[in-house]
Each structure stands twice: as C-alpha cells, then as structure tokens.
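Asks: For reference, the chains in residue letters:
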Amino acid sequence: MGEDTDAAPTLNHHGFLPDHNYVTDADIISTVEFNHTGELLATGDKGGRVVIFQREPESKTEPFSQGEYNVYSTFQSHEPEFDYLKSLEIEEKINKIRWLPQQNAAHFLLSTNDKTIKLWKVSERDKRPEGYNLKDEEGRIKDISTVTSLQVPVLKPMDLMVEVTPRRVFANAHTYHINSISVNSDYETYMSADDLRINLWNLDITDRSFNIVDIKPANMEDLTEVITAAEFHPHHCNLFVYSSSKGTLRLCDMREAALCDKHSKLFEEPEDPSARSFFSEIISSVSDVKFSHSGRYLLTRDYLTAKVWDLNMESKPLETYQVHDYLRSKLCSLYENDCIFDKFECAWNGADSVIMTGAYNNFFRMFDRNTKRDVTLEASRESSKPRAVLKPRRVCAAGGKRRKDDISVDSLDFTKKILHTAWHPTENIIAIAATNNLYIFQDKLNSEMH
Amino acid sequence: MECAFEAQNLISISLRKIQSSRTQRGGIKLHKNLLVTYVLRNARQFYMNKNVSQAQRSPPYEDAAAVREKQEYLELMGSFTELADDFYCNFTGAESDSWHCGAHQHNGQLTEVQHQDASSCVLVSPNESDLMLSEACWSCADKSWELPVPNTQANQKTVLDLDTHVVTTVSNGYFHSDCCAQPRQPQGAQCHKKRKMDTSYFIVDPEFYLPDFVPVPFKRMRSDDDSHSDSDQLDNTNISNLISVLGSGGLSEFVSWQQTDLEQIFGTQTICLKHTLFTGSGWTRAIEAF
Chain R
1 MGEDTDAAPT LNHHGFLPDH NYVTDADIIS TVEFNHTGEL LATGDKGGRV
51 VIFQREPESK TEPFSQGEYN VYSTFQSHEP EFDYLKSLEI EEKINKIRWL
101 PQQNAAHFLL STNDKTIKLW KVSERDKRPE GYNLKDEEGR IKDISTVTSL
151 QVPVLKPMDL MVEVTPRRVF ANAHTYHINS ISVNSDYETY MSADDLRINL
201 WNLDITDRSF NIVDIKPANM EDLTEVITAA EFHPHHCNLF VYSSSKGTLR
251 LCDMREAALC DKHSKLFEEP EDPSARSFFS EIISSVSDVK FSHSGRYLLT
301 RDYLTAKVWD LNMESKPLET YQVHDYLRSK LCSLYENDCI FDKFECAWNG
351 ADSVIMTGAY NNFFRMFDRN TKRDVTLEAS RESSKPRAVL KPRRVCAAGG
401 KRRKDDISVD SLDFTKKILH TAWHPTENII AIAATNNLYI FQDKLNSEMH
Chain A
451 MECAFEAQNL ISISLRKIQS SRTQRGGIKL HKNLLVTYVL RNARQFYMNK
501 NVSQAQRSPP YEDAAAVREK QEYLELMGSF TELADDFYCN FTGAESDSWH
551 CGAHQHNGQL TEVQHQDASS CVLVSPNESD LMLSEACWSC ADKSWELPVP
601 NTQANQKTVL DLDTHVVTTV SNGYFHSDCC AQPRQPQGAQ CHKKRKMDTS
651 YFIVDPEFYL PDFVPVPFKR MRSDDDSHSD SDQLDNTNIS NLISVLGSGG
701 LSEFVSWQQT DLEQIFGTQT ICLKHTLFTG SGWTRAIEAF
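Residue numbers (this note's numbering), protein chains in the order written: chain R, 1 to 450; chain A, 451 to 740.
Among the clues, some could well be false.
Unchecked claim - Here are the simulated DSSO-like cross-link-like pairs (lysine-lysine), alpha carbons at most 30 Å apart as the crow flies:
#1 A:K479 to R:K246
#2 A:K467 to R:K86
#3 R:K290 to A:K479
#4 R:K142 to R:K156
#5 R:K265 to R:K216
#6 R:K135 to R:K118
#7 R:K86 to R:K127
#8 R:K246 to A:K467
#9 R:K343 to A:K500
#10 R:K216 to A:K479
#11 R:K246 to A:K500
#12 R:K416 to A:K479
Worth flagging that the hints you see were computed from the coordinates, not collected in a lab.
With the hints as constraints, model all of the structure from the sequences given.
Replies: Here's what the structure looks like:
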C-alpha cells in the first residue's frame, strides 16, 4: 500500500517563498488531474492559470530520476470577468480540469471556472522549416534576382516549444456556479454541472448545449438541495451520476428521457437519528463523487467520511471510512471559521483497491479496501525531503495518550487543507495539492498496482 | 443537543454569514447559503422546542423562565439588530449614516410605538413610482402614532416587528400608516386592489429599479408559523418568527440577488409582502429584516 512511499522531489508551484508564510491567493491550487496515460499532470489555480507537468521518460542510467514530473507548459486559462447585467464578478478560479483521451499527437483538456468551459489544445513543436526560396533566414523577402536555384524547404529540429491554444469556448450556459465537468466515454460529448442544472455539450459545438438535469424548483423557496458533483460512467456512455447536498446520489440513464430529472437509481443512506445535530445537513452534503475505474463502484466524500457504493445496492454504502471523525465534536467552531464548508475530493487508485482523500494539517489519508488498513500521511516540506519515506502520522484526541510524533486534535492547522488529490491511472504515483504547493509522491517499492 | 445559548450563537453567526456572502467575490454561493439556512432552521427548531417545553412548566417557575427568556431574547435581538443594520446598509450600498433605522435603537432598547390592528399586505410596484398600496385591512382607528423619525429619503426599507409579527415597509418617507391616515388613494380603492399572492421572496437587483426606488428585499412571513396571537407567547415565538422570515430553505432572495432571475423580476409586476393577522397592543420592538 502506501506506507512505504518514497517521496519524489517536491515541486514548488508559482513562487512560494520558503522564508515566508505569505501565500498569494491566486497561487492556491484549485484542481489537479492526471491525463489518461499519466504522462501529463495538470493543475489549475485560483488565479485562472493552468500548469501542465510532464513525466520524464525513464532512464536506465539514473534510475532515481525516472518518473519525475517537470513543468511542461503554463498558460492563463481564464481571466476575471464582470457580468454587467447582474453586477457580478466572475471568478477566474479554475474549478475543474478534465483531459480528453488522446487521439493524435496533440493533447486536449477542458478547463472551467464558475461560468465558462474552455477546450485547450496542447501541442509540441520541435521542428521548423528552413530553406525558403523567397524569404531569407530572418524572414525578409529576397531579391528575386539573387535566386538562382530552387530548393525544397526542409524541417530542421528546434528547441521544443509547447503551444497551448484555445480551441473552443463554451459560454453562457450556466446561471449558477459550475462545479463539475466530465468527458463522456464516447469522446464526443461532455457534461457540465452547476448547482441546479446539468448540460450536455458536443465538443465541437459551442453555441448550444442540451439541458439534461434541472432540479430548480418552480418556486425557489422550495429549494432543498443542490447538485454538488457529477460524472459520466467510465464505460457506459448513457449513464452518469450526480450527487446532491443532501447526501444522495442519482444514477441517470440518458436513454430513458431527454430530461433526466427522474433517476434510474437513487443511492441514499438513511440518517442516523441519534447522530442528529445542528450541522447534520452540512456534513452529509457530498463534496465529490468518482466512479471506480471498473465502473462498478462509486466513491463519495462528505465532510467526515468517504463511502464506497456498489452500483447494484442503493440502500446503503458498501463501505464507510472515517476520515477524521475526531472533528465531530468540533463542528461548531468549524462552522464559525467556515471550514465545515470545505469540499474535499477523493480518488481511486488504478486497481480500485485503495481510496485516497485529503484532510487538515496537510494530512491525507489512504484506505485499502482489501486489507482494511489505512494510513495518514503528511504533505509538507519538512517531512518530504527527496527520496525520504513518508512517515505515517496519527491524530490523537485532545488530552489523550500521546505517542511520539502524534498530533493532538487541538493542534491541527485548519488553514492547511488538502482538498485536491489525484492518483496516476496505472501506477502508484499521487499528486497532492497543499494550498499553493504541489507534492508528487511515488511508491517505488510497490510501483505496480495490486 | 447544544444548549440554547449555542443555538442563539449559531443563529447570529449564520445571519452574519448570509450577510457577508452578499458582498463576496464571485457572487452568492447557492450551496453554502442553502446549508447555512439549514443550520438556521435547526437552531430555530431547537430554540422553539426548548421554549415550548419551558412554557409548559408549572407557574412558579414561569417568572424566572420568562425573565431569562426576555434577557436571552434581548441579547439576541441586540445582535440581530446590529446585523440587520450592517446588512441592510451593505445591501443597498448606502452610507450607514443615511439610514434611520425605523423603530430600532442601537442599544437594543424598546421603542414604544402605538400600532394598529393590522393585517397589512404591502404592495409595491416598481412600475408605479411612489405608491404604497395596502390591502387596507387596517382598522384605521384614530390611534396616535408615535413614529420614530421617518426616513426622509426616497428609499424603502422593510421592518419586521417581532411583537406584532407585522412586516411593514417604509417608502419615501412615509410609513404605511400614513396611507391610512392620509391615504394617497381612497381607502376603498386600496381595499379593492388585488394583491398578488405570489409568495416568492425577491430581492431585485439594483440595476432594474427605477430611479425612485432603491432595492429593498421583501420577505414573506409564513402564516403557519405565525399563528400565535397570544401575547404571552410572543417572546417565545419571536425568534421563530424572525427565522420564519428567512424561511426554511427559502433562498429565492439569494438566487435572485445572485443571478437576477429575469423572469421572476419582469414577470412579476408587483412585489408582495404577505403578513399575518395581528391582534396586539402596539409597536414595542421592531427589527429591520432583510
């Protein structure tokens, strides 16, 4: 599992000054996503920028440098906008990035802020033509009388240049804040979800989209829940799931009706009445939902737990993992400082045997579904020297028996939260976004998935 | 469950969150505000249940309980009124010193204002610039009005009287009572005016208001919650009524504010306040609602 994880070098992201604790708001990473092969890793931040990392090809001569991720390209995806009609500023923060499956030499990704989705083409240029007849090397037109013979321009190698160009802009389709995008397995369509609606797009058509889910009530006073996340099934192009703030999941089949307001399956766990508190609704709100790679299971995250659901069992989750149950008694102060609204994401490993999610104090947790073992690790500069093995951490109750290296609940730093994590699709490599830093960890001992 | 003080604390924190969400960058977050209203509802339910159980106690204890209730209530009102002030000024963008807060005093003291029996529904049409229409069920007895300094500016605000459970709107320097005392229109005409029973909450985006108006939020009071007319229970139900103003899950105001639901604004010619029937003594305390 992940206990003996070697740490690949920490990659700093956007100018964090090591001597200061000052963090620019714009540098805070807001999304992390591997592409389908794991060769590329994209991050988006609050400033609307996207940084793409590329894995270095493995080298036999330097085994330890294999698999490192280096910056491949950086570009400004979204800018702040102002909606004059509604007197609203639209944040440039990148909410989600999703890669398209690669179909040619270029890579494509979708990035979205609250209102607009953009399709970007990432391509390489490492050759350029030389030997034009009418132009000289600097591009000036030659005097035609000096041209005595014809030559065929040839492609000569040049320094690698990565070009990122916007290919499509999908705008003006969402009244509310977009929280999710998901590419369909048909590679032709994708969906975007906001608080109340889900739209289906064709990747080539930007001027219209189909609304497939609309939970806006006729009278807004009757609003009781919002959509929090949505994802297409990895294999069945007609199926998708969306989660709600009430803790329910709805599996919808697009073949049943044009408007998928009626779900095919509703996944809901009955609330435990003895656990009722002022904050029951908040902590049951699902912040992320992910299909397993197999498509058989769903992984959801709410404030205190992560749950694995079997698509064939709607009545309750298959497994429930307590991420940080010690926070249950602190919900009131977490409500006051707004931490209770933090939206943690979750991730599967390639084999669907381990799930991972973030927590506070720069901790993140992994749960092995087979062995039922779990581990808490920390992403921090102090504990992550290159090649160092991450040490498991433990959080103990306040005043409880403390072992060395344990940390008390009261000492947790709630400003250091790991909301975004990603797992390489086939190998044991994980990307952890800790505020404005990106950590990439590799399990060298167990590189193969099992 | 947490104690009553924590419930009150949560209520004031929640209101502050709702207030600050209006000015945050990127617009109001529907999801977060929905969750905050759930906390408000839960706190309110807890508070109501607690008060109901206290009211059922035997008489010897009533005084002490009532006194404590009143104190807690006043504390809470203090924080509410602060919030309402801050909120309201923020909301309209007006300078705080340009507002006079109706019957509310900053130190939370009670303002004695005579009040009429009323079930008033205030009909305000953004298209008719300065008309205040009321479904004149005011029994216009000739009680003298000790009105606090009316707001002399061309603006409106909504005032919720927690004792009387009446939501009233001050417009263009006139309290609604003026309409009865010196009606702009004949009383009869007012009575016949149809009130649109659209009970949605609206906050109209400032952009869409005519120059005569400044944007004002209107709240609907849920009649099912306001069925108490027994003055003994007024204290107990005041918190609940304030919260009922927000409504359990009533978020159309946020949504309207956030995204200016054009169909709601243009489709509705008038903005309506629903109210409750009151049989009470007079204005004692009032709080500016959102």
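Asks: It remains to establish, for every hint, whether it holds in the given structure.
Replies: Going through the hints against the structure:
For the given pair, K479 (chain A) sits about 16 Å from K246 (chain R) by alpha-carbon distance, which is consistent with the 30 Å threshold. As the CA atoms of K467 (chain A) and K86 (chain R) are separated by approximately 21 Å, the hinted pair is consistent with the 30 Å bound. Of the supplied pair hints, the one linking K290 (chain R) and K479 (chain A) holds, its CA atoms being roughly 23 Å apart against a limit of 30 Å. With a C-alpha separation of about 21 Å, the suggested pair K142 (chain R) and K156 (chain R) falls inside the 30 Å cut-off, and the hint holds.
Distance check on the hinted pair: K265 (chain R) and K216 (chain R) sit about 20 Å apart at the alpha-carbon level, within 30 Å; holds. Between the alpha carbons of K135 (chain R) and K118 (chain R) the distance comes to roughly 37 Å, so the proposed pair goes past 30 Å and is violated. At most 30 Å may separate the alpha-carbon atoms for a hinted pair to count; K86 (chain R) and K127 (chain R) exceed this at roughly 48 Å. With a C-alpha separation of about 20 Å, the suggested pairing of K246 (chain R) with K467 (chain A) holds against the 30 Å cut-off.
Distance hint between K343 (chain R) and K500 (chain A) is unfulfilled; the C-alpha atoms sit about 33 Å from each other, more than 30 Å. With a C-alpha separation of about 15 Å, the suggested pairing of K216 (chain R) with K479 (chain A) holds against the 30 Å cut-off. With a C-alpha separation of about 26 Å, the suggested pairing of K246 (chain R) with K500 (chain A) holds against the 30 Å cut-off. Straight-line distance between C-alpha atoms of K416 (chain R) and K479 (chain A) comes to about 22 Å, which keeps the hinted pair within the 30 Å bound.
Hint compliance for this structure: hints 6, 7 and 9 are not met, and every other hint is.
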